[in-house]
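Protein chains in written order, with the numbering used here: chain A, 1352 to 1706; chain B, 1352 to 1706.
There's no promise every hint is true.
The list treats identical chains as interchangeable, and a pair is accepted whether it falls inside one copy or across any two copies.
Pairs of lysine to aspartate or glutamate, DMTMM-like flavour, derived with a Cα cap of 20 Å [stated by the list, open to error]:
1) K1611 x E1364
2) K1533 x D1410
3) K1379 x E1392
4) K1683 x D1671
5) K1450 x E1359
6) K1450 x E1570
7) K1574 x E1530
8) K1698 x E1364
9) K1698 x E1566
Calculated directly from the structure, the hints in this document are not laboratory data.
Protein chains: 2
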Amino acid sequence: MEIQELGEFGLIERLAKDITTRNASTVKGIGDDCAILAPAEGMRTLVTTDLLMEGVHFDLTYVPLQHLGYKAVMVNLSDIFAMNAMPRQITVSLAISSKFQVEDIETLYVGMRMACEKWGVDIVGGDTTASLTGLAISITAVGEARPEDIVLRSGAKPTDLICVSGNLGAAYMGLQLLEREKVIYNEQVEEARRSGSKEQMEALREAQPDFSGREYILERQLKPEARGDIVAALQQAGIHPTSMMDISDGLSSELMHICKQSQTGCRIYEERLPLDYQTAAMAEELNLNVSTCALNGGEDYELLFTVPLAQNDAVSALDDVHVIGYITEQDKGCALISRDGGEHVLKAQGWNPLK
Amino acid sequence: MEIQELGEFGLIERLAKDITTRNASTVKGIGDDCAILAPAEGMRTLVTTDLLMEGVHFDLTYVPLQHLGYKAVMVNLSDIFAMNAMPRQITVSLAISSKFQVEDIETLYVGMRMACEKWGVDIVGGDTTASLTGLAISITAVGEARPEDIVLRSGAKPTDLICVSGNLGAAYMGLQLLEREKVIYNEQVEEARRSGSKEQMEALREAQPDFSGREYILERQLKPEARGDIVAALQQAGIHPTSMMDISDGLSSELMHICKQSQTGCRIYEERLPLDYQTAAMAEELNLNVSTCALNGGEDYELLFTVPLAQNDAVSALDDVHVIGYITEQDKGCALISRDGGEHVLKAQGWNPLK
Chain A
1352 MEIQELGEFG LIERLAKDIT TRNASTVKGI GDDCAILAPA EGMRTLVTTD LLMEGVHFDL
1412 TYVPLQHLGY KAVMVNLSDI FAMNAMPRQI TVSLAISSKF QVEDIETLYV GMRMACEKWG
1472 VDIVGGDTTA SLTGLAISIT AVGEARPEDI VLRSGAKPTD LICVSGNLGA AYMGLQLLER
1532 EKVIYNEQVE EARRSGSKEQ MEALREAQPD FSGREYILER QLKPEARGDI VAALQQAGIH
1592 PTSMMDISDG LSSELMHICK QSQTGCRIYE ERLPLDYQTA AMAEELNLNV STCALNGGED
1652 YELLFTVPLA QNDAVSALDD VHVIGYITEQ DKGCALISRD GGEHVLKAQG WNPLK
Chain B
1352 MEIQELGEFG LIERLAKDIT TRNASTVKGI GDDCAILAPA EGMRTLVTTD LLMEGVHFDL
1412 TYVPLQHLGY KAVMVNLSDI FAMNAMPRQI TVSLAISSKF QVEDIETLYV GMRMACEKWG
1472 VDIVGGDTTA SLTGLAISIT AVGEARPEDI VLRSGAKPTD LICVSGNLGA AYMGLQLLER
1532 EKVIYNEQVE EARRSGSKEQ MEALREAQPD FSGREYILER QLKPEARGDI VAALQQAGIH
1592 PTSMMDISDG LSSELMHICK QSQTGCRIYE ERLPLDYQTA AMAEELNLNV STCALNGGED
1652 YELLFTVPLA QNDAVSALDD VHVIGYITEQ DKGCALISRD GGEHVLKAQG WNPLK
């Protein structure tokens, strides 16, 4: 169905009918000039927002709309978790060009609702409008935390241990794989067109690249998970990180943010960078240095945090958390210690859309 | 200066240096994964968001960037006021194409800061990223109110008086004027190009259309004001509206929202629609029916609200507030009573970007 058949209010009505709210702090969701929230007494409210643009942040030739919706929500929840807080509500704004149909936007919403359901988050409002070219998605997430639980980027202290959850570089490798297959596919289409072979064109239309054995890196790129489970595990273990942020632009870049804002330096060990087997295999196939991918790949949405040295045992006992180095005095700078023991100054070479 | 010289973090740093926070409820603004807010005890939090796309919501051939920044903020504050609440914080997300320079974005921010300063609002975060074509602006505003002060769209009751602040249709007339001048200017440039006259081209480059006597309608289009003053006046007069919303898409459309959500009908009088002289003059010049413009023009950002009949004297005593009709039972439908006494069913013909 064409979106203009429904118009803005018709589309909002259709999308809103599947949306219910469940949080005690959600007084009123979609349907008025504003959403109304009732923060619990003594709690802090956390607010974060992201703007995703087609062609810059996602490529719809290989990103399914349902996955895109899921990811667009998860990257915002990830920022709430990175404050050691719990997400509660989101608003969703979409600008939609004429190439999209009502069903496309519904599929996008299915993914968004799935991500929200996973973490008990309510969709409480937004804006639905037109765009001249492509899709724009702007999500704002609201979370809550007790004041004493909140973790900033600025609290790291010399001798603190540097920890990351999960593994690094997989989402970047997934992206490289998708980009490579896109190039190959486009070349095949071009060739079929030149040869004028109808059979070849028909076959290409049905063709699916073989991604077997690479499902993990694809899922990391297409359907990342915000690490609320790590926030819960830290809480249960009684560990209060001294600093924390999520890894969206790449480990190097994020670690340098923590060091700058904490006025410290750091040392991390190349041999300690957590890697998945598929990440390493894909890097080798593409002739890329896997450590560089892990340091700068971006879109991992893992948590990077620091804990006092005294909590070494507690943090080492946690599932899926890895100690990769330590915080130093600021004058030591930020460096990676390579496998051969050499020190290499860290550089923020990660994702930077405006460079 | 080219934006890529600075990159995302450099640009954010440069924009953030002029931003300070002043609200008691702002614990931490720009610089971490989230902003941290401390809602006052017993208060509700209001959240609203808008996504503005170049070419759909604004045309940079005649909208100065500073005005655009001002307006982008004001339209969000207007939604907070429409709940009978006070705005406190905003987040600002921008997607910027390569045609913009650092100074452009700084100019946009000057306008945004001016709007924030007017109402004591803090810029507490956002996202700054790239776009393939044009500028996208997504602003989320956070406000606060005592629970008992909040006014929804759904509380109107039969016999309530329907009121609007200010006057209607002026912003729409301003837009028509700007669009007309743009067409004329483009024709002149085309003609000069065809004739190959360098002098003519030079003259056109310096040319400014004569807008004298039309400043008001232009200002209403380019630099609208959210009516926080009306919210304050209502409070001071002890008037608690039964329903309220702001007029962004046009009076007809908004009044029908109130009636639908309140399960009522309404009657409004054509002769009572508040009009400015410049609006009427421009409508006549363009052969447009001025009442139609007032009903459907949109972008007025005035407040539309209902009060119990018993408050007729109190509301009539307010500056710049006009009683334009009354609420009826739902089965009476929504109608305009024209100057000749005829009843005309209201239609939502206002701004609808997806139609």
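Q: Would you list, in rising numerical order, the hints stated earlier that this structure does not obey?
A: Numbers 4, 6, 9 - these are the hints that the structure violates, sorted from lowest upward.
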